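As you go down the protein sequences, you meet chains A and B in turn.
Okay, so the first sequence: first residue is 1 according to the working numbering, each after it adds one.
Okay, so the second sequence: first residue is 1001 according to the working numbering, each after it adds one.
Honestly, I wouldn't trust all of these hints.
Lysine to any residue pairs mimicking SDA-like chemistry, simulated, CA-CA at most 20 Å apart [to be verified]: (1) A/Lys66 / B/Pro1045; (2) B/Lys1048 / A/Arg56; (3) A/Lys38 / B/Lys1233; (4) A/Lys38 / B/Asp1049; (5) B/Lys1233 / B/Leu1288; (6) A/Lys66 / B/Pro1101; (7) B/Lys1048 / A/Asp77; (8) A/Lys38 / B/Thr1051; (9) A/Lys66 / B/Asn1056; (10) A/Lys40 / B/Asp1055; (11) B/Lys1048 / A/Asp75; (12) A/Lys18 / B/Asp1049; (13) A/Lys22 / B/Pro1101; (14) B/Lys1087 / A/Ser24; (15) A/Lys38 / B/Pro1045; (16) B/Lys1099 / A/Asp75; (17) A/Lys22 / B/Lys1153; (18) A/Lys40 / B/Leu1074; (19) B/Lys1153 / B/Pro1101.
What the hints contain is simulated information worked out from the structure, not anything from laboratory work.
All values derive from a computational prediction rather than experimental measurement.
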Amino acid sequence: MPNDTGNVARLRSYLNHKARIKVSDGRIFIGVFVCTDKDKNTILAHAEEYRGDEQRLVGLVMIPGKHLLRMDIEDLDAGDEYM
Amino acid sequence: MAAPQKEQPESSQTNQIREAISKLAIDVPEKEIYNPYRENDYLVPQWKDITTLLDNASNDLDVGQLVHLQSFTLFDAMSAIEIMDPKMDTGMILEGDKKKPFDPLKSLSGEQVLWVIDRLLSCEMAWLSGHSLSQTIFTCMYFHDVFSLVQEKIEPSQRIDQPPELVSSVLKAYVLATTKCCHLIWREMVSGNVYEEEDFTTNLFGLSLGEHYPDTEVLNAIDYAIHWLSEFKKRMASEGGENLAVFEGLLNRLYARKHYLLAHMYFSQPKCEWYHKADSELQELTKLLTSKDAGSILNTQNLGKEVDGAFDENINRILTSQTPPRPIILPTQAEALESFVHLSSRLTSLCSIVDYQSVASLLNFCKYFASSRPYPDAFSRSKLNTSIYHSYRFLGSCPLDEVVAESMIDLLQPPSWWFSKHRPQSIEEESYRETKTAINAFLERAGLPFLDIFRIYCHNRARQRRIMCKVLGEWEILLNEAFTLDEKLNEICFDESKYYFYHWTNHRRLNMIETILLLGFELELYGSHEYTMIYWFVDYLLTYRHNVYSHIQANIAISDVYSEPYTSSNARQSSPTSQKRQRICEFQSLQLINSIKYDLNISVWRTLIAFEKINLIKKPSLAFDDEETRYQHRFKAFANLWNFELPPYERFRNDVNVASEKPMDQLHAAQMSLNRAKDNLRRIIPESALQTKTELCADSYKKDVQAMMRTCISNQVAITRIMKNTSAKINISFEYHPYWPTFNVIEL
């Protein structure tokens, strides 16, 4: 296995964090970030789907990289400044 | 009719949510929606945009390299649902989603109502056959809006033959009744008698099947609809209306639904007390379903006119978010009606079990019930299971030890005082008490394993074989206990050794081994090159059983009719009809049936050997096949049985080698066996159902005997043709009997 570059290592550190992904048709998925690959195909576990006012549990989902518009991660470090 | 929502206590929030889901109004107003962009919430961590990081990192990754949790494997990844894939992603907006929602409050013509009703029946039958509710019943838009179908709300129509009552009374009543039937079925199915997902899906997806809606209201609705429709039909007839057949058809459907619903209500009562009532309802139902009069259900099937959008498959996308839908093809109207007729007649036969004459005939009923084709649906099987054993009683009323005692008396007629409450004068007080204690302990012990045999037949065909293999071990232990008990009883009661309990237990065990072996043919578990091996083993079993029977006959005097009446505390027996019950011993017919099977089986074996030898049947050349290993594997379940040793493989090989030497002699011997089997079949056909213990399953039994007869005759013809001319082709098929094949000669 090749050594991780800085970017990959940082991404790896976000595994198991809560992630929020916006997809091309406007839906938002919030779930636990568990896996991604070169094509940015990303897998979220225990995901919830949001479309406008509707919300539902969708479980384990794979979001293809080409439909992934924006990805956020829960920033656990930023919380400190309010402490 | 009052809307049921109003009857519900408004306070309970769970009820509200449930109702909201029922109405598919997923956006429950009371529930606060969580905002995914909760930027102003200081209590939770802030979001950090990592899109650019993701882009950069993915550029650095190699093709095929994954960033993943240690615990997350590629295998897990495969079960993820792919977003934006129209086949998997149920939340995606598709082209078809843009059409406007279906309006259930439009008035419909008679033909349209008829179509909705028939389509709903197709859905119902598909559900019963194992599909999910979300792909069947729940696709009906009228199911979801049934309570809003009020006459005043229905949009009036200009046409005189299209009054709003067709929807607000007829369709509403029918949909309500269907929902009620589904609920009664669902209540049975969640009792755990069948395997979820394997036999049936009970998932309600949080929707309600109208359980809060009283049964009487549904019946009232149906009665009112029937009354209104009859009046309307009369009016239409006097005005010279054209499509009277449609209204007659609708009326028949309402009647049929009412009978079906009533039958289910009677079935759901405890202790099987209302089975007679259910029986008469089901007979009425069958009459309606099979009637061929003008205006009957069968004749009006093609009159329906499709209502666009009344059934929406997309409901499934809303309800099942976590699994992609399974492909489903609804049965056509004709197929649905056919399965309905089958269901109705199966349930009718089930009603008869409350009047069983003997335990043996009830067991035979279960056996033939399980083997009937088309195979019984999950609901009937579950219902039979519940009927046989509930409230810790056999048929809800009889203790299990009495059932075992009755079964023993049916088979072997042991001394009657063993099971009666009165001590005969010839027996001393002390030895009487000792005997009774030992016997009662065994009867209690054998109760549940014996009950299992009945209940095994209530599983699907493949499970039956599997479970039998499993319980065989338990019967081994029971057999040992029975033997110990017999030894003890021999000391107390008899001068010579008699083994009643051993023989009874052994008889059950051998029957099970026979079923396990022969079911393999029905379930197509064996390859055709294995047939000789299996039939050889069946032959070994049947010969063994024949010897056991001969031994029983020599040592235990069994008369045709049991002399002394059996007195027990059984509640069923105290009824006036059962006083006259005659105990006819099943032993004679068991012997006869065994010899028929023996002859039929050995003839098939000999024929197979001979045909293989003269190259009429070709064995496939298998690369990694070792016959001895296969032999051990096939009969693994019988490897360590007590008093029924698995013969060594060499013995099988030797028998085959000897038999193969003179194929023509084998064919001659097969002919003789078939002649003997035919003679015995002719002897058993006139025997009464009481003698063969088949009064509950007379038709299936008759078919079984006829199938054996047909197999005998057609195999004799085939053998004769081959003996005249060996240059032919043989086709083996289980055309008549599922256990013994017929050989068809195709001349070249």
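Structure-based check of all given hints:
{"no.": "1", "hint": "A/Lys66 / B/Pro1045", "verdict": "violated (28 Å)"}
{"no.": "2", "hint": "B/Lys1048 / A/Arg56", "verdict": "violated (23 Å)"}
{"no.": "3", "hint": "A/Lys38 / B/Lys1233", "verdict": "violated (70 Å)"}
{"no.": "4", "hint": "A/Lys38 / B/Asp1049", "verdict": "holds (19 Å)"}
{"no.": "5", "hint": "B/Lys1233 / B/Leu1288", "verdict": "holds (19 Å)"}
{"no.": "6", "hint": "A/Lys66 / B/Pro1101", "verdict": "violated (32 Å)"}
{"no.": "7", "hint": "B/Lys1048 / A/Asp77", "verdict": "holds (10 Å)"}
{"no.": "8", "hint": "A/Lys38 / B/Thr1051", "verdict": "holds (14 Å)"}
{"no.": "9", "hint": "A/Lys66 / B/Asn1056", "verdict": "holds (15 Å)"}
{"no.": "10", "hint": "A/Lys40 / B/Asp1055", "verdict": "holds (8 Å)"}
{"no.": "11", "hint": "B/Lys1048 / A/Asp75", "verdict": "holds (5 Å)"}
{"no.": "12", "hint": "A/Lys18 / B/Asp1049", "verdict": "holds (12 Å)"}
{"no.": "13", "hint": "A/Lys22 / B/Pro1101", "verdict": "violated (28 Å)"}
{"no.": "14", "hint": "B/Lys1087 / A/Ser24", "verdict": "holds (17 Å)"}
{"no.": "15", "hint": "A/Lys38 / B/Pro1045", "verdict": "violated (28 Å)"}
{"no.": "16", "hint": "B/Lys1099 / A/Asp75", "verdict": "violated (42 Å)"}
{"no.": "17", "hint": "A/Lys22 / B/Lys1153", "verdict": "violated (42 Å)"}
{"no.": "18", "hint": "A/Lys40 / B/Leu1074", "verdict": "holds (15 Å)"}
{"no.": "19", "hint": "B/Lys1153 / B/Pro1101", "verdict": "holds (17 Å)"}
Hints 1, 2, 3, 6, 13, 15, 16, 17 from the earlier list are contradicted by this structure; the remaining hints agree with it.
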